[in-house]
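Using the sequences and the hints, build the whole thing.
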Amino acid sequence: MPARAAHAALDIVDVPMRALQRWVGVPRIGWLFVAPNLVILGLFTFLPIVIDFAFAFTGGVQLYPSQRPYVGAGNFATLFDCTDFLDPSTCRKDLFWRAIFNTAGFASVQVALMVLFSLVTALVLNRRTIGRGFFRGVFFYPVLLSPVVVALIWKWVLQREGVLNALLAGAGRSPVGWLTDAHWAFFWCVFVSIWAHMGFYTLILLAGLQAIPGDLYEAAEMDSASPWRRFTRITLPLLMPNLIVVLVLALIRAVQVFDEVFVLTGGGPGSATLFIVQFIYQTGFAEAIREYGLAAAASLVLALTLLLLTMAQLRITRNSFHNRRGSRDA
Amino acid sequence: MASLQLSRLVKRYGEATVVHGVDLDVTDGEFVVFVGPSGCGKSTLLRMIAGLEPVTDGDLFIDGQCVNQMPAAQRGLAMVFQSYALYPHMTVYQNLAFGLENVGTPRADIAAKVDAAARMLQLEPLLARRPTQLSGGQRQRVAIGRAIVRNPRVFLFDEPLSNLDAELRMQMRAELTALHRRLRTTMIYVTHDQTEAMTMADRIVVLRAGRIEQVGTPLELYNHPGNRFVAGFIGSPQMNFLAGAMNAGPDGTPMVTLDAAADGRPFAARLGDGGASRRVVAGVRPEHVVAGPVEGEHLELDVVVDRVEQLGAMTFAYCSLPNGERLTVQSAGQAAIAPTGSLRVGIPLARIHLFDADGGKSLTARACA
Amino acid sequence: MRNALRWLTARRGVARADWTDWVSWIYLSLGVLLMFGPVVWLVLSSFKTPAALTEFPPRLLPYGQKSVVVRGHADPLPVYRVRLPDGSERELAQVRRIGIQATLVDPAAPEREYRVNIRDRQPVREFHLATRNYTDIFGKFAFGTFLWNSVFITVVATAITLLFNAMAAFALSKYRFTGRSTVFLLIISTLMIPPTIILVPNFLVISELGLLNSLWGVIWPAVATPTGVFLLRQYMLTIPDELLDAARMDHASEWRIFWRIVLPLSAPALAVLAIFSVMWRWNDFLWPLIVLSRTEKFTLQLALNAFQGELTTQWHYLLAMTVITLLPVTLVFAFLQRYIAAGIASAGVK
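Protein chains in written order, with our numbering: chain A, 10 to 339; chain B, 2 to 370; chain C, 27 to 376.
To be clear, the hints were calculated from the coordinates, so they are not data collected in a lab.
Be a bit skeptical, because a hint or two may be false.
Said to hold, decoys possible - In silico SDA-like cross-links for lysine to any residue, where the CA-CA straight-line distance does not exceed 20 Å:
1) C:Lys200 to A:Arg27
2) C:Lys200 to A:Met26
3) C:Lys200 to A:Leu41
4) C:Lys323 to A:Pro36
5) C:Lys200 to A:Pro36
6) C:Lys200 to A:Pro45
Here it is in structure tokens:
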């Protein structure tokens, strides 16, 4: 029945489509097919980029750019108004700078640890042929969960009366306010986001490991290479392209961290886990006074950072590709 | 340089036995070829010697030392892989130097050794290139160079020429033989190509289904094959096999009657041991079948020619016998054999190998000196 | 069973167990514990009564107090283990409690009443799934509405995504028109523009279109995924052009060719994109958070987030809602993880 309905619908649409086709001609009908996608992209990606600038260079509280007074680089000036750039408390928008520091710290630590654990897991998974599918799935499962669910799962575990503190109590230690202590909250943000995303990168690295021909390792064994040297001189160099992809993808995602953290700590305690995207969200949408201009300006700063990161990736992968890889057959 | 002893080596994968108790002694400096059809266990045997596969049972000795538990990295051997296994991210120089670096050789020594090997194999202009920029033959030489540079006790070759085209293969065969003559190191070479075995080996080990069928010099195997399998495997084109029966003659001499012989006349068999009556298989190589008059004791057969191939230097005639069996006749030069029609061929009795129809063991082998 | 043993003892190659085998085994076991453990704990907790949830330290399994039906009483009575004045211990059902005095009866012989100090009685617990947590949320908290919102967005967005992306991929793979490569580059370049930097202007656009607080305001911006176009285009390139030419000879319109030939042939790629799209839309958070401000429009994710503020004391409901929210994805995972993993691995290698 659905098939018949679909065919009926198709036939109805076909009539005007044929007319259009006659009008436009077959070669140019490609434009027709691409149009819906382009319209959406235009409306919701390209146009907003332009409008972002309109917001960033205007002030006031109105939503419509035409009603907003031009302030030139005023918003940027506000954001970058600091006596000491290394001390957020001296800045006019101290939350912005705190967010920047937090994000920088988070991104560097989280990405480093995540790439490390993904690599180790991929190496372990690469050895076992039996049951590998199951274990690969195990690490991949959290990737599928929504960030809100992930955060709630861990929030429940990290409660003051949660199971983690219960285990501690069982071991004779006193309970810890995991999410109420600034340092611990930061730690758990890193931990939970690694927990939730590691499986994805493990898969990519595992695929890279499996693409290395086994007889290279045997040749290295015959060349008297110790397991450590086999790892550093064969595995790592040949895995380097995948590692770089993982590094950059993870970095880009880490800089934009929001969902899990927002639900887990809400940026707290205080602003200990306030990251840049949450700052943009708060500034533009959550405060009593919505400062669209500031939020847009902060968005552009973020955009610039991401652009630089992506370009760095392209540069590095291009070099690495030329120097190291070539085809895989020996 | 080292001697090698394989004592009752067994390899099992779970329930399946791949190598059934192999015994072999390889003397220092020998070029030994393991040859056999695919799946016969020759590569497995090589990998056990290398240390890349653990030995399930039996003992392996290198220079008198039992190395069963010794890891591959410490056995002092070098292996040339079928796929060459060159490190794609390293230059030729680094590929050659890698093994020396792993054992902590000083840099000056490494440079000297790599240069020596490169000179020996004409690799000097290629030292800065990567494997992907080399031709098949060049890669092969780098793989060999990587083995030479480490001055191993034994060289192991795992079908190194199978990825090359025919012309290159012949050239590399000559180079490898020359290399052996020059280095005088023990070499174990695995191949499925009996021509390579015949041309390169000091001794050949013929393997089938995990067992050694026969060990001997190339000519020993050619002239005195120990069983029907070896007789059929060695020599190209393949030996002709004709069915027959052996019975005691009037004076007790065993007489053989070929099924294909039209007149049913038996010929006297020269046997190593007295035989009871049985079914036999008579083998004769195509190059020993004469399309014309034969001197001395011989057997005559009437055949029908199916097809004649003139190669200029020799002629092949593919014939069939009245009972349906086939016979290949190889004659030197450009023999005048009609492409169809009947032909009378002669087979010198001295060139006939007799095999037990049941089991294939040679009955004539021991008779020949 | 023998296979399981063989798997458990499968080793690297040497006859004896390598220390690296032990370490790997331990690492993987820890991994299973760490990845599944918290989720399992969540599910178990979601079946506990509020009272059980406040226990510290918490018990592993959900326990509820045992209750029994006693002759002469309408509702089931809670059961306690009581220490009687004569020293013996019995399981009795509590009829009432006034102050520190509890009145209990033997369920088998309810005529006789025992009066005991509350200190001398312990609740008898048994394994008990508090399914009320799940049934209540639909009634009390309009959970059905949130479920519906999420399902609506996911299904509709996926359908439109498949359609629009397939059309675009079709055009980019099967037609040569001027500007084709520019369009392709344009679409791919949007991969570099994460939604987080265009939140404010998108809010304006949605507002102008009158789609604020509408589920369509969440759907429309999400349907033009460049990943989807790329994926489908790669697949459609492998469909031979001769098929299309043959159809044109048969007087089929281009639209018909798209619907009847190319789309069915692209089914595997469409399936992969559908799975991705379902995952993305179901898990969307930031953008719906901005667009939807009225509670009745909340998706499951937004509802969870909102309620964890309001209901910090009503964890039993929150947990149940969380479990329901992760159920579809878990089912998809259980049945399809092989395909998802393979798809990502091959995409990552490129």
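Against the structure, the hints come out as follows:
With a C-alpha separation of about 18 Å, the suggested pairing of Lys200 (chain C) with Arg27 (chain A) holds against the 20 Å cut-off. Among the hinted pairs, Lys200 (chain C) with Met26 (chain A) is consistent with the structure: their alpha-carbon atoms are about 17 Å apart, no more than 20 Å. Restraint check for Lys200 (chain C) and Leu41 (chain A): the C-alpha separation of about 13 Å stays at or below 20 Å, so the hint holds. A C-alpha spacing of about 43 Å is found between Lys323 (chain C) and Pro36 (chain A), which places the hinted pair above 20 Å, so the restraint is violated.
Distance hint between Lys200 (chain C) and Pro36 (chain A) is fulfilled; the C-alpha atoms sit about 10 Å from each other, no more than 20 Å. Restraint check: the Cα-Cα separation between Lys200 (chain C) and Pro45 (chain A) comes to about 17 Å, which is no more than 20 Å; the hinted pair holds.
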